[in-house]
Amino acid sequence: MALNINGNSFDLPNDPRTSLLDFIRREAGLTGSKKGCDHGQCGACTVIVNGERINSCLTLAVMHDGCSVTTIEGLGTLAEPSALQKAFVDHDGYQCGYCTPGQICSATAMLDEIKAGMPSDATDDITAAPTLTDEEIRERMSGNLCRCGAYPNIVAAIREVAGEAT
Amino acid sequence: MKPFDYIRADGLDLAAQQLSHNGAMAIAGGTNLIDLMKLQVETPAALIDLNPLPMNQIANEGDGLRIGALASNTAIANHAKVRADYPVLAKAILAGATQQLRNKATMAGNLCQRTRCYYFTNIDQPCNKREPGSGCGAIEGIAKLHGVLGTSNQCIATYPGDMAVALYALDAQIEISGNDGAARTMPLREFHRLPGETPHIDNNLDAGDIITGVTLPAPVGGTQAYRKVRERSSYAFALCSVAAVIAMADGRFTRADLAFGALAHKPWYDHRVGEMLIGEKPSLALFDKAADLLLEDARGFGANDFKIPLARRTLAATLCEATGVEA
Amino acid sequence: MSAHLIQDEPDTRNVLDRTTQGIIGKPLSRPDGLLKVTGTATYASEYDIEGCLEGVLVTAPFAKGEVTSIDDSSVTGMPGVVAVLNDKRMTPRAIQGTAGEAPHTGLCKVDYWGQPIALVVAETFEQARDAAKHLEIEFNSEDAIFDPAACTPEPDDDPTRQGDLGKAMSDAEHSVDLKFTTESHASAAMEPHAAIAQWDGDTLTVHASLQMLNYNISELADAMKLDESKVRLVARYVGGGFGSKLGVSQDIVAASVATMQLGRPVRVVMSRQQVFQNVMRRSETSQRLRLAVDHHGKLTAFGHEALVSNLPEEDFAEPVLQSSHFLYAGKNRLLQSETARIHRMTAGSVRAPGEAVGMPVLEAAMGELAEKAGIDPVQLRLDNIPTKHPATGKPFGSHKLAECLQRGAEAFGWDGSDRTPRQRREGEWWIGTGMASAARVHNVGEAKARVTLHDDGTAKVETDMTDIGTGTYTILGQIAGEMLGLSQSDVLTELGDTRFPRGPGSGGSWGAASAGSAVFVACEALREEIAQKIGQPVDALTFKDGLVSWDDGSVILADIANGENFTKEGHFEPGDIAEDYTASGFGAFFAEVAVNRWTGETRVRRMTGAFGFGRVLNAKTARSQCLGGMVWCIGSALTESLMFDPTDGHLVNPDLAEYHVPVNRDVPDLDVLLVEERDAVASPIQAKGIGELGMCGGAGAIANAIYNACGARLYVFPMTPDKVLAAMPVD
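Chains as they are written, first to last, in this note's numbering: chain A, 1 to 166; chain B, 167 to 493; chain C, 494 to 1224.
No lab work stands behind these hints, which were simulated from the structure alone. Just to be clear, a hint being listed does not mean it is correct.
What the hints assert, rightly or not - Listed next, with one range per pair, are the computed distances between beta-carbon atoms:
hint	chain 1	residue 1	chain 2	residue 2	range
1	C	His497	B	Asp290	52 to 62 Å
2	C	Pro572	B	Asn319	36 to 46 Å
3	C	Asp695	B	Ile367	57 to 67 Å
Unchecked claim - Examples of chain B residues toward chain A, derived with CB under 10 Å:
hint	residue
4	Phe170
5	Met203
6	Asp215
7	Ala250
8	Asn269
9	Ala348
10	Ala349
11	Arg350
12	Pro353
13	Tyr401
Computed from a predicted structure; not experimentally measured. Every residue, glycine too, gets a C-beta built ideally from N, C-alpha and C.
Sequences are here, hints too, so could you generate the full structure?
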């Protein structure tokens, strides 16, 4: 009974109440994933589980036996940041930094969703493959609140990495 | 959050038995249940995790489509056949929540999600839905999110979801496995309940029942639209929503299946509205008459009075867009 | 060691324009950026402290009255529960910014719904949270007033009365007399309020989410009856503040009491609901605007009155009229405000207190006046810019309103010739434009910072100043680098620890100018010392790229150090200058909106902001501050509203699902123009604040654009679809 976080295996917690987020922050000691609301209303806790982004605050660690979790620490490091991490620095895609790990996890998964052809609420023709317009980026990133209001810079950072936005 | 026993489901029958015990609840995506458990609105003694059950397939069934109870919102909205043949469903799902939540939220969980009434989610407030007999804080309080149709003097809460509104318009069937293992189906339109004198009961599931899937009838084509009015442009519950499946021939309606969200304790489907439209030529005057019928018993509670004119206008907007009527 | 500057006179030397390193003002990326994007920047609750207990606040389910008993035994038998604390030192509400003294104490007297009444401490978070829900209390609750309109308000001091407003209104060619309301706002910083307190028997160390450590250490020491030397506060990274973390709050005092009583470290993190219910709100306001112009378009009457609210005994009153005092001319003036005493949670500072709600209302009224008078609204503003403060006669340090209006209009493509509403429709959307002025008073405060020049030629800046996302790490390093001739990477800035010299803290947009001036003063002293060592006058020296050079010589900075570290502490104080001058940031907003003709939904399609706020210290972080302010304009114009139950006064929407801060999709590309200026009055580095100016008026531009789009004149903020629909002409 274990789950894998950034390539390391962790035993599931004894207390089933432990949210995946608290497990990541406390048991695994990875505090990059943030608790902003604890109720799925802000996106600061976004991590990638088996390739899909989720709110780690709204799921229990014990429900993730055998799952593979990627947190912000698993996407890049100070020495080797990911392309999105670098672009967020270049474009000032943050201010206080608290929502930032969630934004970047979300954006990372979002670019894969676009590649997989998944539609969004901003997609005009949902039977066709979406193109990554700014409106698409904004809609797909709307699950990550940024109270500092860095949204235009976040979109710019993602647009640069995606390299194909209009 | 109160302590609970966590049990991974091991077969449908055993899970049904486990769910028959007092205080046991099923968990699938958990995006609503865990939220409510943290607030101690829900205090299950045992959580039966249904995720190990093989119920997430989406497959053709006859001329229609069967969607497993555990299929994620994302999987449904991204399914080629849903996008092509039931676009109202894909659009409604995509209008709800966020990608993170849709990745976890399941078909059955979404149908069973509870109201977002602020008095329901605050355990220091009276709420007949949470604690029968304690009263309703919303009726004399702030009723902005609340219902204007089918309310009772016990409860004016709304069903908050988007997906189910589309499923009502599509006349989906819901499959339920009883605690005796017997399967049954019912029209989804009969699944959710109005509050009446029993607002604590959201739907017609019995103890030990497990939703196994939802089936969609053969595709009907036509123009399908989901229009959601909300304060933010994304990530907000509806002020009013309309799911529409519209077909025309010779300039007249041949199909007008309309369901409404955020107006009542359940997605609102009034068969009379569609029946009135069929055979008629679309016009603003006709849409107004349809709204008259839809809203003839509507009643506001102050902060939500606006929903009555808003529903009228949203209906007209949806029908104008679907039929090409110039306004 | 210490250099002290009291600024009594304008500083027109513009030293930072004569330095040659060339990094000041440049859009450099943040030195703390990689830490933030890799999740390795550590916020208050994230320190891994062995044996840390978890505390959860218990809150009152009534608005006014007294807790008469708390039954500890209802939870002490629960698994993991260590203690229930209700100590007379604990605080029911945070103290207002810059108080520097203990907050209110004692939890048993309850003044607002959701006030903390106890702390439950347990071994794990889950145990503490569950136990907190089970604590049994008895209380007597009393009737209370929740509606500001239901009580007799207290007049505030010092109303402005000049001439005869009533007569000017009745004599005027064109006038408006309008009443507006704005709803209560929450700061809603993304990081909840949090503290980890550790008591080692001698010293209390608290990692906390705070904006103003300099004041906070005094507040906490006073609350705990400790000498300040026995208290240490650490806030290296703060997940947003916006005024909500100015003063020591409930979590911090509770954690401190708990650790001192239990002898183990204690962490207290407020839930998001508690943040909404406990943390200061911006007051709702009712405002009346009376404006009149003569046939030349000159303002003859300027009346702005406001009603705000707060709890009894709170000194703070939302300073709605703050910039109205000097933004526009007009001989006949009446500015006065009143405060209603009601039992909602404390009202206090939320980003740009005063102007955030006063300016949008003033600017919406100016928009309506311009329409009545048939004047281009940009021209109406341009024609009414005063040359000095209309009431006090004090001159402005600098004033870029006209330039911001003109440059903003040009960048936006403003056409003020025909402002008739309902002229443009795209499908089912009405499209319209609107504009507004921006103004925000400039604040500056006493600040200290230490700058050390190491023997390896690098420098370190240290101050207990905070970076709440504003870019303090970045700009203090840039100032030091510019002054000492070092690249950004050769200057290390350390913040957020009371072991460092006392900074001003972050609040009121004063951090950059105040702390930046302290760093500047320290660097001037270092330059002077270096000049003495070299034997050249400091004005003859050029500091660049680690080299100090003069007419016929140069020396490597590291060599001057010769194995020693030079340290100077800069101490900056504003002095008398504020008594002689008016200092303010100015700007202009232009917005284009789409209003859905069916549903009243409003979306901002584009927005331009032009801002003059003195010297730009970093064009990238300054622009980000402006962007953030403009996003707040969108929120306060369209969605943000705290709703209170009329019966028991509880906050109905205490979460991020129902308090609608803007999401990414609500925000279009925003165009920001930084209008460079040098304000010699504002600070020795000629800089003013920019953390708030970007939200001071923009909601008015959006309101004016809604009217121009669809013909709905609204007098309520936020302009949610229900409100727009009710005001929109039927088509």
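Original post:
Once the shortest beta carbon distance from Phe170 (chain B) to chain A is found, is it less than 10 Å?
Top reply: holds, 7 Å
Original post:
Okay, Asp695 (chain C) versus Ile367 (chain B) on CB: inside 57 to 67 Å?
Top reply: holds, 60 Å
Original post:
Do the numbers back the hint for Ala349 (chain B), that is, is its least Cβ distance to chain A under 10 Å?
Top reply: violated, 26 Å
Original post:
Between His497 (chain C) and Asp290 (chain B), is the Cβ distance one that fits in 52 to 62 Å?
Top reply: Since the Cβ atoms of His497 (chain C) and Asp290 (chain B) sit about 54 Å apart, the hinted range of 52 to 62 Å holds.
**OP:** For the hint on Ala348 (chain B), just tell me whether its beta-carbon gets within less than 10 Å of chain A.
**Re:** With a closest approach of 28 Å, the Ala348 (chain B) hint is violated.
Subject >> Given hint Asn269 (chain B) near chain A, where the shortest CB pair must fall under 10 Å >> reply: At 4 Å from the nearest chain A Cβ, Asn269 (chain B) passes the 10 Å test, so the hint holds.
**OP:** Closer than 10 Å between Cβ atoms is the bar; does Met203 (chain B) clear it against chain A? Give me holds or violated.
**Re:** holds, 8 Å
Original post:
Should the hint that Tyr401 (chain B) touches chain A count as held when the rule is a Cβ pair under 10 Å?
Top reply: Holds, because the Cβ-Cβ distance from Tyr401 (chain B) to chain A comes to roughly 5 Å (cut-off 10 Å).
**OP:** Would you check whether Asp215 (chain B) satisfies its interface hint, that is, whether its CB is within less than 10 Å of any CB in chain A?
**Re:** holds, 6 Å
Subject >> Restraint outcome when Ala250 (chain B) is required to lie within 10 Å of chain A by C-beta distance >> reply: Holds, because the Cβ-Cβ distance from Ala250 (chain B) to chain A comes to roughly 5 Å (cut-off 10 Å).
Original post:
Do Pro572 (chain C) and Asn319 (chain B) keep their Cβ atoms within the hinted range of 36 to 46 Å?
Top reply: holds, 42 Å
Subject >> Arg350 (chain B) as an interface hint toward chain A, with CB separation required under 10 Å >> reply: Violated, about 28 Å.
Violated hints, in rising order: 9, 10, 11 and 12; the structure is consistent with all others.
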